[in-house]
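Asks: Let the hints inform the model, and build the full structure from the sequences given.
Protein chains: 2
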Amino acid sequence: MAYHFSPIKLDDKGHIRDSVFAILRNAILDKKLEPGQRLVERSIAEELGISRTPVREAIHKLVLERLVTHVPRKGVVVSGFTKADIVEILVIRTSLEALICSIAAAKIKPRELKRLESLAKQISDEHEKGNLKKSNQLNDKFHEIIYRAAESPRVHNFLNTLHEYITKFTQVAYSKPGRPAEVWVEHKAIIEALSRHDSSEAEAVAKKHAENSSKAFLEMAYCD
Amino acid sequence: MAYHFSPIKLDDKGHIRDSVFAILRNAILDKKLEPGQRLVERSIAEELGISRTPVREAIHKLVLERLVTHVPRKGVVVSGFTKADIVEILVIRTSLEALICSIAAAKIKPRELKRLESLAKQISDEHEKGNLKKSNQLNDKFHEIIYRAAESPRVHNFLNTLHEYITKFTQVAYSKPGRPAEVWVEHKAIIEALSRHDSSEAEAVAKKHAENSSKAFLEMAYCD
DNA sequence: TTTTAGAATATGGTATACCAACATCCCTTG
DNA sequence: CAAGGGATGTTGGTATACCATATTCTAAAA
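Chains as they are written, first to last, in the working numbering: chain A, 44 to 267; chain B, 44 to 267.
None of these hints come from the bench; they were simulated from the model.
For every residue, glycine included, the Cβ atom is placed at its ideal position computed from N, Cα and C.
Hints may be right or wrong, so weigh each one.
[Unchecked claim] Distance condition first, Cα-Cα at most 25 Å in a straight line; then the derived DSS-like pairs of lysine-lysine:
#, chain 1, residue 1, chain 2, residue 2
1, A, K126, B, K152
2, A, K150, B, K251
3, B, K126, A, K150
4, A, K152, B, K126
5, A, K126, B, K150
6, B, K250, A, K251
7, A, K150, B, K250
8, A, K258, B, K150
9, A, K250, B, K250
10, B, K258, A, K150
11, B, K150, A, K250
12, A, K74, A, K126
13, A, K251, B, K150
[To be verified] From the structure, some residues in chain B lie toward chain A, with a derived Cβ separation under 7 Å:
#, residue
14, L107
15, E131
16, S138
17, L142
18, S195
19, R197
Replies: Right, dumping it as structure tokens:
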């Protein structure tokens with residue numbers, strides 16, 4: 044069976060395995076690869092014009108991220124994403140967002156707070172201008188600031204992984220009518236709690252923010 | 044430099060990479076490998092009497108678990124575990140324990156509740172008999188039941204990983220004077236909330252339980 | 001003695017080769 | 001014609017070979 048991958052360009056300076064990982068990951072998230080489909084090392088390597096080794100390593104990483112499942116005597120197959128899976132990812136994110144915000148509240152610096160205020164405003168502005176893409180980008184930055192302030196590399200890293208899953212769809216979620224205005228209010232509340240270094244309040248508002256965002260996402264994602 | 048690993052026995056039916064992973068992981072957690080020490084694929088492979096391939100795959104997995112760090116142009120080095128790292132792991136666990144309990148509350152079956160009650164009692168009994176090892180084993184089972192009831196494979200999996208980090212020390216933590224009695228009470232509270240399918244209460248008591256357990260651990264672990 | 005260019009070495013990344021386990025299919029045999 | 005069995009093919013696991021880069025060592029020149 045053909046996967047329709049193009050040969051990899053070798054002028055990349057990074058490692059091939061990372062390119063392969065990105066290619067496969069995107070193919071799965073973009074549904075180019077159907078759930079249940081087998082990933083055959085040799086075939087993929089051949090189509091990409093490389094050896095099996097980097098393909099193996101990329102697939103191994105996909106297994107650990109649960110995007111594919113190792114089936115004994117079958118190799119790896121693309122995991123199906125049921126609604127339950129998406130809900131699970133969203134609740135984990137919610138939980139960890141709340142956690143990282145509460146940690147950040149204790150450590151955040153005035154400079155970072157300033158940056159958050161500026162970003163919150165920009166996010167709102169850009170959205171009004173109809174620039175969804177830019178607005179989303181800035182939104183990512185907003186949360187990244189908070190993540191960094193918390194100085195919790197494991198939570199940070201894990202949230203990034205979850206975020207990437209969700210990113211593929213979030214463009215949709217954000218365009219829910221009325222949501223941007225809510226986001227503006229919620230961001231302000233988060234900044235408020237952070238600036239008072241009120242950990243439990245920060246946890247509460249971040250949780251609310253993530254819950255609302257999840258709800259908006261699920262409503263949009265399951266219209267189809 | 045020698046790592047003092049013995050050649051792997053090939054009568055294992057599982058994959059070599061898994062054995063290597065376990066060996067390296069234990070070596071790191073048991074401090075046989077010092078933080079900052081480099082892990083050289085060729086040397087390890089040679090000492091274990093195998094090829095580099097499974098060693099690479101094992102190391103790759105260690106990187107993703109942050110037990111070792113990939114340093115460009117240096118290979119991988121054993122990560123240091125600062126107190127901040129341990130605290131981070133404990134707070135993540137706390138957060139996810141609370142989450143999984145709240146999920147479990149909605150789904151748990153009478154049969155599982157029965158099992159929990161029986162286990163809570165046994166845990167307490169075994170501890171009174173001075174059988175710490177058995178008591179800890181049962182404690183793991185107790186939490187495993189809850190994890191399974193939640194039917195949330197990602198949270199479950201992640202908690203297991205965190206748990207393994209902590210397990211190496213927990214023997215100590217549990218022997219804190221007075222803690223077993225508290226555990227008994229907390230377990231009862233968790234069962235109570237679960238049996239009423241009260242998610243928010245379950246979340247609260249599970250959080251408390253994990254926080255207390257973390258506190259006990261930190262107090263014991265940093266006497267030295 | 002110090003500095004520096006170049007060789008030797010170490011090491012990780014990639015490619016290839018080999019093997020064992022399992023699946024598939026065709027052929028034999030009743 | 002059906003069932004059993006073996007040949008063949010597919011595939012993942014492991015071993016080995018090769019390569020690029022960076023580091024270290026050496027030796028010659030200033």
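Asks: Against this structure, judge whether each hint is valid.
Replies: A quick look at each hint next to the structure:
| no. | hint | in the structure |
| --- | --- | --- |
| 1 | K126(A) - K152(B) | holds, 22 Å |
| 2 | K150(A) - K251(B) | holds, 23 Å |
| 3 | K126(B) - K150(A) | holds, 17 Å |
| 4 | K152(A) - K126(B) | holds, 22 Å |
| 5 | K126(A) - K150(B) | holds, 17 Å |
| 6 | K250(B) - K251(A) | holds, 18 Å |
| 7 | K150(A) - K250(B) | holds, 22 Å |
| 8 | K258(A) - K150(B) | holds, 21 Å |
| 9 | K250(A) - K250(B) | holds, 15 Å |
| 10 | K258(B) - K150(A) | holds, 21 Å |
| 11 | K150(B) - K250(A) | holds, 22 Å |
| 12 | K74(A) - K126(A) | holds, 15 Å |
| 13 | K251(A) - K150(B) | holds, 23 Å |
| 14 | L107 | holds, 6 Å |
| 15 | E131 | holds, 5 Å |
| 16 | S138 | holds, 4 Å |
| 17 | L142 | holds, 4 Å |
| 18 | S195 | holds, 5 Å |
| 19 | R197 | holds, 5 Å |
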